[in-house]
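**Student:** Here's the letter readout for the chains.
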Amino acid sequence: MHVPDGYLDAATTAGTAAVAAAGVAIALRGARRELDERTAPMAGLTAAFVFAVQMMNFPVAYGTSGHLIGGALTAVLVGPWTAVLCMTVVLLVQALVFADGGLTALGTNVTLMALVAVAAGYGIFAGLRRVLPAGRTGVLTAAGLGAFLSVPAAALAFVLLFGAGGVADVPLGSVAAAMGAVHLLIGLGEAAITVAVLGAVLAVRPDLVRGARGLQVAPELAPRPSAAQPLDLR
Amino acid sequence: MGAGHAHGGLAAAYVAGNSPVHRLEPHTKLVAVLAFALVVVLTPVHAGWAPLAYAGFLALLLGVAAVARVRLGRLLRGLAVEVPFVLFALLLPFVSRGPRIDVLGVSLSQSGLAAGGSILAKATLSVLAATLLAATTDPRALLRGLERLRLPSVLVQILTFMIRYADVIGGELRRMKVARESRGFRGRHLGALKVLGPAAGSLFIRSYERGERVHLAMLSRGYTGRLPTGPVAVVGGRAWATALSLPLAAAAVLAAGSLLG
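Protein chains in written order, with the numbering used here: chain A, -12 to 221; chain B, 3 to 263.
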């Protein structure tokens, strides 16, 4: 998925680098609201989690496996601004330490996988949360759809960039169709893993899921009504 | 998608050594590698002399690798991350528009051939350069370099924590895997999600809680939101000249190509 050097021309590369820098600068401010003075340690540990979970292979069908990209999941777990920072840091480490994704293309990769994927994933999640019934199922459905669509959204953004500043003259429509179709499939995997992970966290520590605030279980130590009334066993 | 970093932690990329390349200040190396990648990217795709320029760039990189005593095998392993894009580049001659030529009876697009070839060459060269950087600079030094290049301090701190704890979290993941498999778990199909999802979920909870503990521990040691850094080494003109000799030589190759070609 990482765009290497030499795919896009200099103007497009410089443009996406500027977009990435602006986006990260805004996210740095936003994350202070989400995490206040805990920004650095919490975002750092969450980035380490994203980095580790990307190494985890989930079997898809016989013989093939995929891994999580994690933009939408991270946004639902820790909030969109922190998620942008985490994805940016992970991409930076991958480019510098593993040569995964080009150095000059870092801005492009941050734009696609940190900004577009998180914005699409979280935007869809937040929009659906308003429409869907509040509750565990609603949160999981919204997050699953957000994760599902965040992957083709990033892929289509790449096709647009390739159309604007790609080095090859390819029929854009068919490239978009092919990329869209492949990434819809990848998105299905992303959605399945996102829902599974989120469901597990919701079951154990719902308070850690930022996107599910307001879903907290009622306090269990409420004074009980007098024993004469029938107990409400839920 | 990054398949290349599945085998080892962050430290696995670094090859310890004491060569002149290892000893360069990290921020000069970062600038040099970025500038080299820029020169490679700026090489015109459709010029007839482009393949010669690529060969020149490759020779320069191999020269640096020889000075740094980084083995060829390490460089080739670094190339593994490229594989998905090799497929894309191989596809280009078939789908691109423009005048076509026949190669062994298959009609290929001329511009597609040039574009596919140059994408492959440029991506390979830049991956090799970045691999050299990672092999001669350990992650903490990279961090110091980024800090000196004025990356925003919060981002540097996030990176610090991430690099410090990536191997810890990765180790936790490995232990969970060993525990699963010693209980007979074999993930073969989608049903494994029921096991792997909660595993990843509990990894998140453990990471997040560890973050809170680390934060409290740092607060109790006087953390104010900034990490103190020691005095920085003064980097003279000669060190910069040594580091920048790689991109300057590459720029010379590029200039020679466009003047003579």
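Keep in mind the hints are simulated off the structure, nothing from the lab.
Cβ coordinates follow ideal geometry from the N, Cα and C atoms, glycine included.
Check each hint, because a few of them may be wrong.
[Said to hold, decoys possible] Computed, partial: chain A to chain B, Cβ under 7 Å: (1) Pro(-9); (2) Pro28; (3) Gly31; (4) Ala34; (5) Phe38; (6) Gly110; (7) Leu119; (8) Pro120; (9) Ala121; (10) Thr124; (11) Leu175; (12) Val188.
**Student:** Could you tell me which of the numbered hints above are not met by this structure, giving the numbers in increasing order?
**Tutor:** Per hint list: 6, 7, 8, 9, 10, 11 violated.
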